[in-house]
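> Listed below, chain by chain, are the residues.
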Amino acid sequence: MPLLSVTDLRTYFHTRNGLYRAVDGVSFSVDRGETLGIVGESGSGKSVTCYSIMGLIPQPPGRIESGSAMFDGVDLLRCSPATARSIRGKRISMIFQDPMTSLNPYLRISEQLIEPLMIHETLSKKEALGRALEMMEAVGINDGARRIHYYPHEFSGGMRQRVMIAMALITRPELLIADEPTTALDVTVQAQILDLIRTLQRDLGMAVIFVTHDLGVVAGLCDQVQVMYGGRVMETAGARAIFNAPQHPYTQALQRSIPALQPKGQELFTIPGLPPDVSKEITGCAFAPRCSFAADLCRASRPEIVESQPGHSHACIRARRGEINVAEHCSPENYD
Amino acid sequence: MTENILELRDVRTHFPIFTGFLVKKQTGSVKAVDGVTLSVRQGEVLGLVGESGCGKSTLARTILQLVPTTGGMVVLNGRNLGEASREEMQLCRRDLQMIFQDPYASLNPRMTVFAALAEPLLVHGICGKSEVQSHVEELMKLVGLAPRFARKYPHEFSGGQRQRIAIARALALKPKVIVADEPVSALDVSIQAQILNLLSELCTGMNLTLIFIAHDLSVVRHISDRVAVMYLGKIVELGPALDVIDRPSHPYTKALVSAIPVPNPDIERTRKRIVLAGDPPSPIDPPEGCAFHPRCPHAVDRCRQAVPPLVAAGPGREAACIRLGEIS
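Chains as they are written, first to last, in numbering that gives the first Met the number 0: chain C, 0 to 335; chain B, 0 to 327.
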């Protein structure tokens with residue numbers, strides 16, 4: 000049984016300017032110890048998916064219209080607030096994109112680090128501080144005994160993200176949700192943080208949902224990859240399959256737009272048009288208006304996501320019918 | 000054709016730090032740019048890369064004289080900008096334009112696209128009021144925006160479109176040099192590619208000189224002719240884009256290139272990476288000798304003694320490392 004299984008999640012925002020279908024029928028599951036990567040451009044609904052699971056959607060204007068998120072037998076979307084509180088921060092933790100704004104500037108790091116422990120476990124403050132120090136060491140902050148009493152502004156961006164990770168992992172969660180944890184960091188620091196998440200995941204045996212827009216990060220870290228677009232899942236497969244044999248035209252287009260994979264001196268491949276406006280009802284495939292393979296039937300009805308091979312599902316009608324094969328346009332060998 | 004349009008000679012930009020409440024005393028300075036010598040040829044795209052805090056944005060602002068230089072010279076077309084009078088500077092500004100990182104913050108929300116694009120034309124007297132309309136339409140077409148959007152406000156556009164407006168505004172005065180400070184970092188991959196294509200097209204079409212600042216090495220590799228790598232206010236490596244990024248010679252460039260995740264699981268999981276320890280040191284109190292030595296895997300005692308100069312390292316290449324021959 001998977002650790003977390005989300006089925007048909009729909010999170011809509013009812014605003015004055017209309018109805019925004021931010022997440023529109025998303026299903027996925029994560030096994031214990033597994034890493035799932037959620038990839039998509041901004042506005043594709045990847046963050047809202049995570050926020051919905053964590054119960055962090057402001058309601059109103061947001062509303063979870065349908066779906067379930069079963070975590071070890073408990074439906075996170077429907078359980079009582081008390082049950083949700085006992086799971087959130089204890090068995091599921093989250094780290095956010097911006098380490099500058101997600102720490103409280105008025106409190107010392109020590110106060111913030113031990114907070115989840117004081118709430119979820121019966122420990123004395125001294126014991127909790129001991130655990131916090133261990134955790135500071137585990138995330139690679141030297142001289143922890145002194146620096147634990149610092150305020151957030153005394154740390155650099157990379158160090159703050161380490162503090163965030165320490166805070167998320169101090170209760171030894173079974174699932175870590177990381178929402179673009181390295182986007183605001185430099186590449187050299189990003190490499191350190193990715194290494195750290197990889198090591199800690201191995202040591203603690205936790206599952207990770209890693210949200211990012213960077214396909215490069217996904218390639219090194221994730222077992223399963225889910226590609227999202229316009230609030231829907233376009234393709235889900237193992238990391239190797241997503242890169243070497245994608246079946247959905249959007250996955251292929253996303254890969255082809257990475258500058259690193261394109262020969263220098265030529266014009267870069269671009270996806271024509273703009274990302275979809277989720278405030279309008281999309282009847283057909285969300286990607287159809289920008290897809291070079293789109294036919295009339297793509298615009299007629301919404302394609303379901305169907306498993307085409309074991310562990311590989313996608314939502315492209317034409318690929319399923321065998322009319323198109325996008326994998327042959329994708330050649331990672333181009334990389335030199 | 001190959002004359003240097005822009006020259007930087009030992010440019011230094013330091014920001015003083017004051018302490019004290021009533022009596023302020025200067026106790027130090029942030030050495031954001033600390034001795035940069037660089038020449039840019041007409042029609043060239045020069046990529047400038049480095050981590051945050053290495054001084055690349057300050058260097059951009061120094062070139063445009065938006066911050067005063069502490070030392071050294073910025074020479075545009077043979078004229079030292081530091082000594083130019085107000086009137087001369089006004090004329091030089093026509094030749095030197097900037098595109099900023101955040102298209103959400105760099106456009107005035109109360110000005111329509113038309114007003115934003117007409118302003119530089121009128122201020123610099125490029126055209127009379129009667130011709131403004133046609134000039135603005137031409138500019139909009141140049142950057143791929145339909146002229147019917149001219150009466151819209153910035154908030155009605157997406158990030159990519161806003162960056163196109165910012166580019167049109169920079170092009171309005173037909174400049175010779177454009178400094179683009181992270182123009183695509185705030186955009187999604189698919190939109191990024193569109194803006195990069197537009198910039199390369201404009202550069203070749205109008206023989207523009209572009210100084211392209213970014214932290215994303217793969218973007219810089221694609222668009223630039225030459226690349227300069229900065230670390231803590233100094234250039235540590237300089238050379239043709241493909242050489243520097245595919246075959247880096249300075250240990251810092253090596254680490255920087257190695258830190259980029261490769262979008263291919265087979266390569267990414269097996270390749271050997273150099274993971275640097277720690278953060279870049281503070282530019283208030285940079286380390287003695289080579290600024291990179293505390294994080295460098297090849298550092299020896301000699302590295303701590305003197306600041307290494309940029310020395311030739313292959314055809315058209317320079318690097319600031321005294322152990323180049325020993326470590327490659």
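Hints are supplied without guarantee of correctness; some may be wrong.
Said to hold, decoys possible - Lysine-lysine pairs mimicking BS3-like chemistry, simulated, CA-CA at most 25 Å apart:
id, chain 1, residue 1, chain 2, residue 2
1, B, Lys128, B, Lys140
2, B, Lys128, C, Lys263
3, B, Lys151, B, Lys128
4, B, Lys173, B, Lys151
5, B, Lys173, C, Lys279
6, B, Lys140, B, Lys151
Unchecked claim - Reference excerpt, derived from the structure (chain B facing chain C, CB under 7 Å, subset only):
id, residue
7, Pro146
8, Asp187
9, Val188
10, Asn196
11, Val218
12, Pro262
13, Val274
As the list claims (entries may be wrong) - Coverage of chain C stretches by chain B, computed from C-beta distances (three or more under 8 Å per stretch; other residues unrestricted):
id, region
14, 185-191
15, 243-255
Because the hints were derived from the structure by calculation, they are not lab data. Even for Gly, the Cβ is constructed at its ideal location relative to N, Cα and C.
> Next, verify each hint and record whether it holds.
Quick rundown of the hints versus the structure:
1. Lys128(B) / Lys140(B): The given pair, whose Cα atoms are some 20 Å apart, holds under the 25 Å limit.
2. Lys128(B) / Lys263(C): 43 Å, violated
3. Lys151(B) / Lys128(B): Roughly 20 Å between the alpha carbons, so the hint for Lys151(B) and Lys128(B) holds.
4. Lys173(B) / Lys151(B): 24 Å, holds
5. Lys173(B) / Lys279(C): Not OK: Lys173(B) and Lys279(C) at ~40 Å, beyond 25 Å, violated.
6. Lys140(B) / Lys151(B): Measuring from Cα to Cα gives roughly 15 Å; hence the hint holds.
7. Pro146: Where the cut-off is 7 Å and the nearest Cβ of chain C is about 18 Å from Pro146(B), the hint is violated.
8. Asp187: 4 Å, holds
9. Val188: With a minimum Cβ separation of about 5 Å from chain C (threshold 7 Å), the hint on Val188(B) holds.
10. Asn196: 5 Å, holds
11. Val218: 5 Å, holds
12. Pro262: With a closest approach of 4 Å, the Pro262(B) hint holds.
13. Val274: Where the cut-off is 7 Å and the nearest Cβ of chain C is about 5 Å from Val274(B), the hint holds.
14. 185-191: holds (count 7)
15. 243-255: holds (count 4)
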